[in-house]
Each structure stands twice: as C-alpha cells, then as structure tokens.
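Please build the complete structure, drawing on both the sequences and the hints.
There are 4 protein chains.
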Amino acid sequence: MKNDIKIGVVGGDLRQLVAAQELAEEGYEVAVYGFEEYTGSFGMATRCVSVEDAIRKADFIVLPLPYSNDKIHLNMPLSQSEIHLEDIFALIEQRQIVVGGRFDSVAENLAAEKKLKLIDYYGREDFTVLNAIPTAEGAINIAMQELPVTVSNSKSLIIGFGRIGKILAHKLYGLNTEVYVAARRYEDFAWIEAFGYKGVGYDVLEEYLEKFDVVFNTVPALMLDEKRLKKLRPDAIIIDLASNPGGIDFTAAKTLGRNVIWALSLPGKYAPITAGKILAKTIRIIMRETMLNIAMQI
Amino acid sequence: MKNDIKIGVVGGDLRQLVAAQELAEEGYEVAVYGFEEYTGSFGMATRCVSVEDAIRKADFIVLPLPYSNDKIHLNMPLSQSEIHLEDIFALIEQRQIVVGGRFDSVAENLAAEKKLKLIDYYGREDFTVLNAIPTAEGAINIAMQELPVTVSNSKSLIIGFGRIGKILAHKLYGLNTEVYVAARRYEDFAWIEAFGYKGVGYDVLEEYLEKFDVVFNTVPALMLDEKRLKKLRPDAIIIDLASNPGGIDFTAAKTLGRNVIWALSLPGKYAPITAGKILAKTIRIIMRETMLNIAMQI
Amino acid sequence: MKNDIKIGVVGGDLRQLVAAQELAEEGYEVAVYGFEEYTGSFGMATRCVSVEDAIRKADFIVLPLPYSNDKIHLNMPLSQSEIHLEDIFALIEQRQIVVGGRFDSVAENLAAEKKLKLIDYYGREDFTVLNAIPTAEGAINIAMQELPVTVSNSKSLIIGFGRIGKILAHKLYGLNTEVYVAARRYEDFAWIEAFGYKGVGYDVLEEYLEKFDVVFNTVPALMLDEKRLKKLRPDAIIIDLASNPGGIDFTAAKTLGRNVIWALSLPGKYAPITAGKILAKTIRIIMRETMLNIAMQI
Amino acid sequence: MKNDIKIGVVGGDLRQLVAAQELAEEGYEVAVYGFEEYTGSFGMATRCVSVEDAIRKADFIVLPLPYSNDKIHLNMPLSQSEIHLEDIFALIEQRQIVVGGRFDSVAENLAAEKKLKLIDYYGREDFTVLNAIPTAEGAINIAMQELPVTVSNSKSLIIGFGRIGKILAHKLYGLNTEVYVAARRYEDFAWIEAFGYKGVGYDVLEEYLEKFDVVFNTVPALMLDEKRLKKLRPDAIIIDLASNPGGIDFTAAKTLGRNVIWALSLPGKYAPITAGKILAKTIRIIMRETMLNIAMQI
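Residue numbers (the working numbering), protein chains in the order written: chain A, 1 to 298; chain B, 1 to 298; chain C, 1 to 298; chain D, 1 to 298.
Hints are computed from structural coordinates only; laboratory data are not their basis.
Incorrect hints may have been included.
The list treats identical chains as interchangeable, and a pair is accepted whether it falls inside one copy or across any two copies.
What the hints assert, rightly or not - With a straight-line Cα cutoff of 27 Å, these simulated DSSO-like cross-link-like pairs (lysine-lysine) come out:
#1 K211 with K155
#2 K277 with K57
#3 K211 with K269
#4 K6 with K211
#5 K230 with K277
#6 K211 with K277
And the structure:
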C-alpha cells in the first residue's frame with residue numbers, strides 16, 4: 001500500500017535527507033535530489049541525477065525549510081548546483097502536492113499560476129511543538145558548555161512561556177535547577193504554578209535579575225535592554241532563542257561585556273536526526289490528512 | 001490604600017468564605033453574609049446580620065459558584081435563609097461590580113435591567129487552570145484510596161489532554177506512574193511526547209485498555225462505552241472527572257461490575273482552603289483589571 | 001520445574017495470602033492454612049483443612065510478619081483458630097526452610113532445638129526498600145486526606161533521610177511540593193542537594209518549623225518534643241512513620257492541640273496487594289538464593 | 001572569629017584556587033602558592049611568593065587532588081616551579097592540619113616521621129557524592145554533544161548503581177529519557193524500582209543492548225567486552241565514567257568501530273567553579289569537625 005505513494009525530496013539539509021530515509025524505510029518510494037555534497041548513506045532513498053527525475057513520479061514533493069533563502073533559488077545547502085524557483089515550479093503538475101517550509105508570497109504566486117496546492121509544514125502546531133524539544137535541549141546543552149558551574153542546582157530564568165519556554169522549564173526542573181519564568185498573562189502564571197516553577201511579572205523582573213546564572217530568552221521583542229542587562233551578574237550567561245530580531249540589545253550587551261549566545265535553528269544543528277524524524281512524522285501526517293480529504297470527496 | 005476598596009461576599013460555600021478571609025487579611029474591608037452554619041473563625045472578615053449590610057458599602061460584590069442552583073435563589077449552602085435572585089439584584093447599584101460564577105441568561109437579564117456589570121470568574125482561563133491543580137490531586141487521592149496497589153509503578157490512562165489531563169499526567173509521572181494519554185489532535189501528541197508520556201490514539205484505544213490499573217476520564221462525552229468498558233480489567237478503577245453528563249456509560253459499568261467513581265467539583269470538596277485561595281487570587285486580579293480599566297478611562 | 005518446589009503458607013494477613021496466590025500463579029505448588037476469615041478468591045493456592053496438610057510437603061514454609069505477636073502463638077489475624085509456636089515448630093522437619101518475619105530468640109531457640117534453618121525476610125534490605133514505596137505513598141495519601149490545602153505547592157518537612165525519607169522526598173518533589181529534609185550526616189546533605197531538596201540541620205530545625213503545612217517523621221527517637229511542637233503552625237499536620245516509640249511527644253502534642261497521625265504498618269494497610277507482591281518477590285529471591293547455595297554445595 | 005583561622009593552599013588546579021577564594025570571601029585568612037600560570041582574579045586570597053610564606057601561619061594546609069602525580073613532587077599544574085614532597089613536609093609543623101587528596105603510603109610515611117595529622121578529603125562520602133553531581137551532568141553534556149538525536153526521548157543504559165549511577169539516572173529521567181540501569185544486588189533493583197527506572201540483571205544484559213542510544217558505564221571492571229560491544233548498535237555512544245582501567249574493552253571497541261568516550265575527572269574539567277565550591281564546602285566541614293574534636297579534648 002505504502003509504496004503506491006511516491007515522494008520526491010528536492011533540496012534542504014540533513015533534516016530533509018533523514019526524513020527521506022525514514023519514509024523510504026517505511027515503504028514509501030522516495031526519490032531525492034540536491035544532496036551531492038552529502039557523503040553518508042542514503043538508506044533506501046533513491047538518488048536522482050536530475051531534479052526532473054526526482055519530481056516526475058512523485059505524489060508529494062517535499063521542499064526545504066525555508067524553501068528559499070533569497071526568493072529566487074531553492075534552498076540547497078548540500079548541493080553545488082542551483083535551481084531557480086521558477087524552474088522547479090514549472091516542473092510540477094497539478095496532481096502533485098507540494099509540501100515545504102515558510103512559503104511566502106513568491107511561492108504562492110508561482111503556485112497560483114499553475115493552480116498547485118502548497119502545504120507549509122513550518123506553520124503547523126505539531127511540527128513546532130516537536131521541534132521545541134531539540135531547541136530546548138540544545139539550549140540546555142549550550143548552557144552546560146558555557147557555564148563554569150553545573151546547570152543542576154543553579155538558578156535560571158526563562159523569558160516567555162510559549163512552546164519553547166514550557167519545554168525548557170520542564171527539562172531544567174528535571175535537572176533540579178531552580179526555574180523562574182517571566183511572563184505576562186495571568187493564565188501563564190497559573191500554569192507556571194501548576195508545574196512548580198516560580199513566576200515573575202515583567203514589571204518586577206529587574207529586581208530578580210541578579211539571581212541568575214543563566215537567562216534564556218524566547219520572546220522576539222526587546223526583553224533585555226541596557227537597563228536590564230546591567231542588573232544581570234557579569235558572569236551570567238544569556239542564551240537568546242528568539243528568532244530575528246532576537247530579544248537582546250546586542251550592542252549594549254557587548255559594551256557591558258555580557259556573554260550572549262544567539263542560538264537560532266537549533267533542531268537542525270543540535271540534533272539533525274531528531275529534526276529529520278520530526279519532519280518525517282509531519283510529512284506522514286500531512287500525507288494522511290491529504291489522502292483522507294481526497295477520500296472524503298469521492 | 002487597599003482598605004479603600006470594600007468587598008461584600010454573599011453566599012457560597014467554604015471557598016467564598018476562605019476567599020473573604022484572605023482578602024480581609026490583605027487589608028481589604030470585607031463584609032460577609034450567608035454563612036451562619038459555619039462555626040469556625042471568620043478571621044478579619046466582618047459578619048453582617050443582613051444581606052443589605054454586606055452589600056451596601058461594597059465596591060465589589062462576590063457571589064457564589066454557581067451563583068444559583070435553581071435560577072431562582074442565590075446558592076447559599078452554609079445558610080438556613082433564602083435570598084431570591086431578584087431581591088439581591090434589587091439591592092445592587094450601578095457603581096458596584098458584581099463578580100460571580102456561572103452566570104446565565106437569568107443573571108444577565110437581571111443585571112441588564114439595572115445596567116449592572118457582571119464578571120464571571122468561572123470562565124476565566126487562569127481560574128480554571130489553577131483549579132485543575134486541586135482537581136488533579138483530588139483525583140490522585142481517590143485513586144490512592146481505591147486501589148489495593150500503589151499508584152506508583154502502576155499503569156494509568158488519562159482520557160483527554162486539556163487542563164486537568166495535563167496537570168494530572170504531570171503529577172502521576174512525578175509519582176513514577178506509567179502514564180498513557182488518549183488524545184486526538186496531532187498537536188496534543190506532540191506535547192505528550194515532549195513531556196515523556198505515552199500517547200494513544202482513540203482509534204487504537206481498545207487494544208490498550210487491559211493494561212491499566214486506573215483510568216481517569218476528563219472528556220465530557222461518551223468515551224467509555226460498553227465495548228470499551230468490557231476491555232478494562234475487572235479490578236481497574238475508573239475515575240470520571242468530566243462534568244455532566246460524564247464520559248462513562250454508567251449503566252453498562254454497573255452491569256459489568258466496573259468500579260466507577262464520578263468525582264465532580266473536587267477543588268471545593270478536596271482542598272477547600274486551596275480552592276478559597278484560588279478564588280481570592282482571581283478576585284484580586286479581577287479587581288486590579290477593573291481598576292486599571294477605570295483608570296484608563298480617566 | 002517450578003512446580004517441583006512446594007510452598008506452605010501458614011498464618012498472616014492479606015499480604016501472605018496475596019504472596020501465596022502470586023507464587024501459585026507462577027507455577028509453584030502452594031498450600032495455605034490460617035485464612036478462614038478471608039472470603040475472597042484464593043486463586044491457584046490450595047486451602048488446607050489443617051496446618052499439617054499445609055506444611056507436610058512444603059520445601060519452604062512461609063510464616064507471618066511478625067511471625068508472632070505474643071511469643072506464644074503464631075500471628076493469624078485471618079483465622080479464629082490458634083496455633084502454638086511450639087506446635088508448629090514440632091511439625092517442621094530439617095529438610096524444610098522456614099521463612100518468616102521478625103524472628104526473635106523465642107523462634108531461634110525453637111529452631112535450634114530441631115536444627116531448622118530460619119530466614120527472616122523482614123530484615124532484608126531489598127524487602128525493606130520495596131516496602132518503603134507503599135509506606136511513602138500511604139503517608140502522602142494521609143497528608144492529602146488531612147490537609148485542607150493541596151500537597152502540591154505546599155511546604156513539607158521530612159525528618160530523617162533513610163529509606164522512607166528518600167522515597168517520600170522523591171514523590172513529594174514529583175508532586176511539586178517544596179521539600180525540606182532534616183538530617184544530620186554531611187553525606188545525607190550531599191544527597192539532599194543532589195536530588196534538589198532543601199537540607200536543614202537539626203541544630204537549626206526550630207527556626208524552620210513554622211513554614212510547614214505537613215511534617216513527616218521517619219526517625220524512631222524523640223524528634224518533635226514540646227519545644228519544637230510549639231514552633232509548628234497550629235494547622236500543620238504531623239505524620240509519624242517511625243516505629244515504636246515513634247518520634248513525637250504525644251502528650252505535649254495533645255495538650256497543644258497538634259494534629260498528629262501515627263501511621264504504622266502502612267504497606268499492608270494502605271496497599272495490601274502491592275505489599276503481597278513485594279513479599280512474593282522476596283520469597284522468590286530467598287528461594288533462588290537458597291537453591292543456589294544448595295547447588296554450590298553439590 | 002573566622003579570620004582567626006588561617007588556611008594555606010599550595011598547588012592544585014582551578015578547584016583548589018576557587019576553594020581558596022570561596023574560603024577567603026567567607027572571612028578566613030587564606031594564603032596561596034603554586035598558581036602563577038593562572039591569569040584571572042585571586043579574589044580575597046593572598047598570593048605568596050614562596051611556599052614557606054603560604055604555609056608558615058596556616059592552621060590548615062590544603063594540598064591538591066591528587067596530592068602528587070609521581071609520588072615525588074607536589075601536583076602543581078598551574079605552576080612552572082616544582083616542590084619535592086619531602087621539602088613541603090619539612091616545612092609543616094605538628095600544630096598544623098594537612099588536608100589533601102588521595103594520600104598514599106608515601107605521604108603517610110612523610111607525615112608519620114613528623115607526627116603530622118593528614119586528612120584525606122577524597123575518600124569522604126560527602127565529597128564524593130557532591131562530585132557525582134558535576135560528573136553526572138558532565139556525562140549528560142557529552143551525550144548531548146555526541147548524539148545526533150536528543151537525549152530526551154532516547155533510550156539510555158547506566159551500568160552500575162553507585163553514586164554516579166544514581167544521580168545520572170535521576171537527571172536523565174528528569175529529561176524524559178527512558179532509563180535502564182544494569183545492576184546486580186537485589187537491594188539495588190529495589191531502589192531502581194522505587195525511582196521508576198527499569199532494572200536489568202547482568203545475566204540478561206545482552207538481550208537489551210541493541211535498544212540503547214547511549215550507554216554510560218560507571219563500574220571499574222570489564223563490563224563491555226567484545227561480545228557485548230557487538231550487541232550494541234553501531235551508532236550508539238558509549239561513555240565510560242569508570243576510573244582506571246575503565247569498563248570497556250577499548251581494543252575491541254576500536255576494531256568494531258564503536259564510539260567510546262572515556263571521560264575521567266569530569267568535575268574539575270566540566271564545572272570547575274562547582275568543583276571548587278564543593279572542595280571549599282568539604283574543607284569547611286573538615287575544619288569544623290577538627291575544631292570540634294579539639295574542643296572536646298579541652
């Protein structure tokens with residue numbers, strides 16, 4: 001049954017390649033293109049010599065995350081060759097489902113021209129939550145590397161209580177760290193209390209800052225400005241997990257000599273196999289949902 | 001400052017009374033009415049001989065949860081006397097804020113007539129999450145009482161992964177129970193994985209049922225029908241935490257001799273002081289939000 | 001193979017009976033006597049009409065815990081009949097191994113006369129540690145029952161960091177309780193720190209006492225004298241898990257109106273099936289060790 | 001009071017230096033020698049230009065861990081100079097207490113000649129347990145670095161359930177790892193069960209080996225021979241925490257291409273500040289015990 005469904009994976013990093021192998025091992029027919037620089041095993045996935053070969057028979061076409069870095073070419077860090085977005089979309093037919101990460105108006109316009117169906121895995125809640133696991137663990141790993149003390153029995157602050165904040169707090173608590181969480185919503189404080197952490201309102205955050213050995217920021221807004229940075233201990237480690245523009249006044253941090261690590265895209269860097277398995281799981285779910293939808297229309 | 005704000009608490013159970021004492025201890029001027037049956041201490045709250053006295057000077061009037069059991073009278077389990085809803089609303093003036101639980105169209109109509117502002121604490125997310133703590137712990141207490149084995153090292157199933165399910169899973173895991181969670185959404189399974197529990201889809205739930213020493217249902221829909229009940233071990237304990245109509249086919253359970261405990265309103269019964277403190281905290285937040293709103297309009 | 005080994009279980013409570021059933025289910029031939037008051041199922045264990053029948057063919061004879069309450073009769077709470085210790089020892093032959101709990105000089109003298117081998121399961125470290133699990137959970141259950149607040153988010157003190165103290169601390173921490181442990185040895189404080197609890201020296205214990213919602217004593221020496229009891233909050237719950245003479249000045253506690261619960265023999269009372277399974281596991285290990293020893297001598 | 005006690009710290013690595021600073025900050029008068037290569041701050045500790053100056057006034061003399069690497073010279077990795085053991089012992093007077101790590105017969109003989117009192121901090125149970133915290137966390141850090149998957153949700157095996165094994169299991173469980181512990185004693189299995197891990201007997205270990213993403217060995221005996229190494233997955237990481245000779249057949253592991261990391265002396269390398277604070281704490285306790293002993297003799 002499974003090998004009736006054909007998947008083409010074009011471009012991306014180790015994550016896409018691991019996902020291709022995972023899906024191939026489960027019995028799907030998986031063709032890949034754009035990984036020439038990779039010298040390891042391709043498992044049961046079939047390497048193609050051209051993008052056409054990888055795409056031609058596919059029911060689902062898997063594109064990178066992000067699908068493009070420059071809105072012109074496909075994102076292919078493991079290949080020397082280049083593919084124009086227009087060229088790849090030209091190859092795709094209407095019967096094929098295109099799955100990729102962080103599609104924007106460029107991709108949408110290209111798809112609209114050909115009435116193609118785009119599915120973005122990046123925005124899915126399940127994908128994001130699962131990726132918060134390697135992100136949180138990667139952040140703890142950085143803290144372990146940077147701190148001259150153990151994370152165990154140290155005092156840590158997490159700014160923000162979204163997906164990453166929640167999982168990070170959970171794991172730090174499991175390591176017997178004293179966990180403080182800065183948040184704003186009353187609802188968040190209720191959860192913080194339920195899990196046994198210590199909540200700190202943003203309005204009183206400054207009074208607490210000198211306590212901490214390590215501060216994790218997860219909020220993509222200026223959370224640690226000069227005034228707050230000054231309150232931190234000089235030997236504290238600051239790990240910024242917030243996507244662009246980050247949450248720290250980097251200039252002030254530099255002037256003050258604060259140790260700031262801006263840690264982006266941790267899942268792929270820190271635990272590529274886990275990240276690839278998460279992607280495989282998400283593609284599997286997308287395929288299932290799509291097939292169910294199609295079945296419903298029959 | 002605080003004793004500029006006056007609070008009147010009318011009716012309700014131990015929770016409302018504990019909340020009144022908590023707030024009185026913090027410096028608010030709190031008048032209470034409707035607790036004549038209570039023989040313990042009233043702390044710094046002032047007992048009034050009439051409902052008029054309790055209400056007259058109040059800025060905030062706190063009503064029970066639920067505010068009424070019969071849509072006619074105020075809910076006053078700790079009093080022999082009766083107050084008609086119409087009578088109490090007649091006493092309230094427009095400058096006063098009415099805070100209560102589970103207001104319905106009856107209350108809304110009464111309030112609308114006099115242009116009163118009603119605030120329902122029951123529906124607030126922070127209140128509900130905080131109450132899920134005593135609910136979850138109360139459910140564990142029941143399991144401990146009923147099981148002839150320890151909850152530690154036993155196998156438990158939680159049906160549903162909402163607020164109660166999440167906190168219950170967290171605490172059972174903390175007791176070294178093997179925790180399975182039945183859920184439907186992919187997003188929920190991502191969280192279940194992140195916290196280290198075992199997820200079970202509803203479609204395959206039946207295959208797992210004979211494993212469990214205890215099953216906690218949190219979903220207010222028929223989750224354990226006759227077919228599923230039959231799959232459970234005869235000595236398993238089933239604790240239903242879902243509000244009316246519950247999640248279990250009680251008739252089938254009885255015929256099959258299954259041990260079902262329907263545990264409703266646990267916070268007030270199981271940990272009344274905690275429940276009262278949660279109510280006090282919520283009223284405090286409501287007062288703060290209200291005052292901020294008023295201040296903004298100046 | 002297993003049913004070559006025959007076991008006779010004489011006297012005791014539900015624990016011995018559950019152990020008999022467990023062992024019978026595994027394939028051992030198990031004969032029991034002394035449970036006439038028990039109206040439930042005996043599973044695959046064979047009920048005997050006389051103590052002689054239960055013992056005659058047995059390779060291992062399992063006696064109660066404690067084997068006797070009065071140094072004259074066998075401990076048989078589930079039977080109306082009485083057996084003199086002398087009578088039962090008269091029935092036992094030298095080829096049979098006698099396994100029982102809390103043997104004393106009376107038992108040892110009786111055994112010595114006939115050159116019988118006695119093995120005491122009560123003193124075994126593995127048995128004691130396993131029983132500390134239901135003891136700790138039973139103590140938490142009592143705290144849940146008695147406290148008008150949740151154990152979660154409350155503050156608890158454990159006096160002593162032996163087996164029960166260690167497991168109790170672990171489970172309370174897992175419930176998000178703030179756990180303090182009073183101990184004396186530097187080594188204990190090292191472990192207390194390693195697990196994330198808060199250590200308190202006995203010399204400064206008094207300063208801390210007013211913090212706690214619940215105090216668990218595990219030390220069989222006067223740990224809470226009048227002076228210390230006075231420092232506790234009047235609404236605190238004191239659970240004494242220490243065997244005779246306990247660790248609390250009960251007279252002073254009564255005078256002061258402190259709520260003290262002396263909770264002894266929790267495993268059998270609180271989780272009889274778990275306690276029986278622990279006994280079965282221990283008997284199995286004793287049989288294995290004995291057979292290995294015999295084999296070594298061949 | 002504290003600055004009546006004088007401490008001389010001679011030789012050692014960052015740990016001894018951090019301990020010196022910690023003790024100096026608490027009010028002790030601390031003189032140090034042998035850290036010329038260290039370019040950071042010495043805090044309130046006084047640097048001496050000769051070993052005589054560091055020792056002369058000291059009540060307690062703190063030596064390195066190990067006190068010597070070659071039984072001839074003092075262990076001084078942060079100094080270019082050399083001190084013969086005989087020379088330093090020649091300087092010490094009978095009124096002074098010598099505290100150091102891993103004293104052997106060489107040290108004992110030198111001390112005996114002058115009737116000096118040696119106290120070895122290395123062998124102390126509290127010191128060893130506290131150091132097991134950075135060892136366990138350092139091992140987790142290595143696993144995080146080496147594994148291409150997250151430690152969370154992976155399967156790990158710990159061989160041995162001593163101090164390091166216990167703390168490692170605790171922290172891995174806190175990260176939601178599936179934790180297996182290989183042990184031998186029934187007592188250990190009781191504790192393993194109490195904490196919710198999975199116990200594996202050495203006799204059946206082989207059947208389990210292919211499960212694991214990471215194996216931590218803590219037993220200083222050949223635990224992973226060729227036969228067992230072959231059963232491990234090729235991509236599994238093996239972290240050996242056992243002191244010389246380690247627990248792995250390194251030759252076989254190399255031939256088989258297994259990824260083995262031999263991680264010794266983690267506290268000082270992985271978390272030097274924590275290790276230094278642990279040393280300071282231990283010295284403090286040794287001083288207190290010594291002073292108490294002296295006081296008792298008055």
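Give me the numbers of the hints this structure contradicts, sorted from smallest to largest.
4
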